[in-house]
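A.B. asks: Protein sequence lines correspond, in order, to chains U and G.
Anchor point for the first sequence: position 70 equals 70 in my numbering, and the numbering is continuous, going up by one each time.
Add 1000 to a position in the second sequence, counting from 1, and you land on the number used in my numbering.
FYI, nobody ran anything at the bench for these hints, they're computed from the structure.
Just so you know, even glycine gets a beta-carbon here, dropped at the ideal spot from N, CA and C.
Hints are supplied without guarantee of correctness; some may be wrong.
Stated by the list, open to error - From the derived model, a few chain U residues whose C-beta atoms are all more than 12 Å from chain G:
id: 1; residue: 30
id: 2; residue: 104
id: 3; residue: 116
id: 4; residue: 128
id: 5; residue: 139
id: 6; residue: 147
id: 7; residue: 184
id: 8; residue: 200
id: 9; residue: 205
id: 10; residue: 227
id: 11; residue: 254
id: 12; residue: 268
id: 13; residue: 291
Said to hold, decoys possible - Each computed DSBU-like pair below joins lysine-lysine, with the alpha-carbon atoms no more than 30 Å apart:
id: 14; chain 1: U; residue 1: 46; chain 2: G; residue 2: 1140
id: 15; chain 1: G; residue 1: 1086; chain 2: G; residue 2: 1167
id: 16; chain 1: U; residue 1: 46; chain 2: G; residue 2: 1086
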Amino acid sequence: MPERGEARRLSETAPRRIITVMAMSGVLVMAFILLFLLREGMPILKGASITELATGRLWYPVSAPPLFGMMPLIAGSLAVTLTSSALAIPFGVALALFLTEICPKRISGFFKITLEILGFLPSVVLGFIGMVVIAPFLQVRLELLSGLNLMNASMLLGVMILPTVATLSEESLHAVPQSQRDASYALGATRCETMFKVVLPGASRGIAQAAILGLMRALGETMVVLMASGGAALLPQSVFDPVRPLTSAIAAEMGETSVGSAHYHALFFMGCILLLFTLALNMLVIKIESRGEAD
Amino acid sequence: MRKSRVMALCLAVLTAVLFSGAAFAAEELSINGSTTILPFAQSTAEAFMKVNPGTRISVSGGGSGNGAKALIDGVTSIAALSREMKSEEIDAAKEKGRNPVQHIVAVDCIVPIVHPSNPVSDLTAGQLRDIYSGKITNWKEVGGPDKSIAVIGRDTSSGTYEVWNEKIMEGTAVTPRALISASSGALVQSVAGNTLSIGYDSLGYVNEKLVKALTIEGVKGTPDTARSGAIVTSRKLFMYTDGSPAGEIKKYLDFLVSDDGQRYVAREGFVTLK
């Protein structure tokens, strides 16, 4: 019957079309955001060269004449991201290893739920804890000038990205076939040897991706660093120096700057820099994935 | 022919009545701008809506610059600014055919604050400038204990910073070592949590249970010294409208500067006009 045939054809093609349209609109929105970011960010290059922006050490955007040295801000972003990752990634991977290889099944369920709740914690709550609990503690105990610093923000960010790293690592550890573990035991390897020489290398690609996703989350996080990092545009000399990451500078200054000013364009340019960083990390993830396929 | 014309007229009158009725039923105002002004803009708006149930006022913060932009773009009826509109903002508004009109709605005073345990209670404007520019780095240089000073400031683009920069710094750059707080509330929290710190904030945000307010050259930050200008760090707070206000906008602004409205200004810790 032709009618039914037509109806079936429609029912087969319609979902595909709808999905295509939806996917394309996502791409389109992304493209427009990118375009907007570039359009608003690039005009700053009319007044200052890229080297001036990237290597300048003084961020005085509203003084006369304004100074747009972004090096302390970029360094702040990188310092916070790397320190928090250095704290969170070993913990996250160790936790994942514990959950898949050591912990009894019944208890691991409890741990996973706890991790998920930790992941739901709003960043503003973490920032507040950093400000009213950790900062005074650090300041008094370590006799620092201020407890709002790189270390404070990194610890909080570490707590924030820990669930991401741990959950994703746990998944990839879980994906290592049981037969490999059995083979390892059959060859006379101890549990420890099996864990570190068979399971961990087997999941290394997934763990690397988990780590990079954690890095990206830390790089883009705004609220925690805005509240706990101290906000001084300094090149950090130690982990107890205050920093001003790109994200917090954008969040704090965008609302008060006049639209179309050089400062406004500089803030958008910082958005472009952040985008560049996350793009690079994304490429890394894709590269790790494709290398896996080549194996 | 004539009948249809009458019909059309009736229809036109009817729609006009309906539309004006609808507009009257849901008169919407928006106030956008300075986070300094936000608390009393919010409470006066609520009080105004209670008396005028036909009017809805939405208040949003985002900063003085944001408020000015919203007025220029025509997306807000009132812009709240903790500074005077800059000439470039006025030019941009004129370009779009808008005419920003200034209204003074309250007075604010910025006071230096320290941790309650700090023995220092008075500084000169010069000392404050030297502390913020990084020339003075130890409390003993201004009569305190032999400890470093943790300088806490506000973002260079905040209205509070602008007043501080104009009245105290007089153009001298703030040391890059200064910690920066993103909001007035966060700054009080930071100072309250750090025995070595000094900061500055609007009188309305200074909670004497948490922090200690300093006098400047013997002048205490109070409503009287702010209104008279006796303290160097006082400033006026503004609202801007596009053209002379009319209708509900005028009614709200009149309410705000009336004794009833100013009571809310005082309740939020600001200084009233009278």
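A.B. asks: Decide, hint by hint, whether the structure agrees.
C.D. replies: To see whether the hints hold, each was checked on the structure:
1. 30: Per Cβ check, residue 30(U) is outside 12 Å of chain G; nearest 25 Å; holds.
2. 104: Non-interface label stands for residue 104(U): nearest chain G Cβ at 42 Å, farther than 12 Å.
3. 116: About 29 Å separates residue 116(U) from the closest Cβ of chain G, which puts it past 12 Å; holds.
4. 128: 9 Å, violated
5. 139: 5 Å, violated
6. 147: Nearest chain G Cβ is 7 Å from residue 147(U), so the label is violated.
7. 184: The claim stands: residue 184(U) keeps its Cβ more than 12 Å from every Cβ of chain G (closest is about 52 Å).
8. 200: 41 Å, holds
9. 205: About 39 Å separates residue 205(U) from the closest Cβ of chain G, which puts it past 12 Å; holds.
10. 227: Label violated. Min Cβ-Cβ 7 Å, cutoff 12 Å.
11. 254: Non-interface label fails for residue 254(U): nearest chain G Cβ at 8 Å, not farther than 12 Å.
12. 268: Holds, since 14 Å exceeds 12 Å.
13. 291: 42 Å, holds
14. 46(U) to 1140(G): 47 Å, violated
15. 1086(G) to 1167(G): 17 Å, holds
16. 46(U) to 1086(G): With a Cα-Cα distance of about 23 Å, the restraint between residue 46(U) and residue 1086(G) holds, given a limit of 30 Å.
Violated hints for the displayed structure, listed by number in ascending order: 4, 5, 6, 10, 11 and 14.
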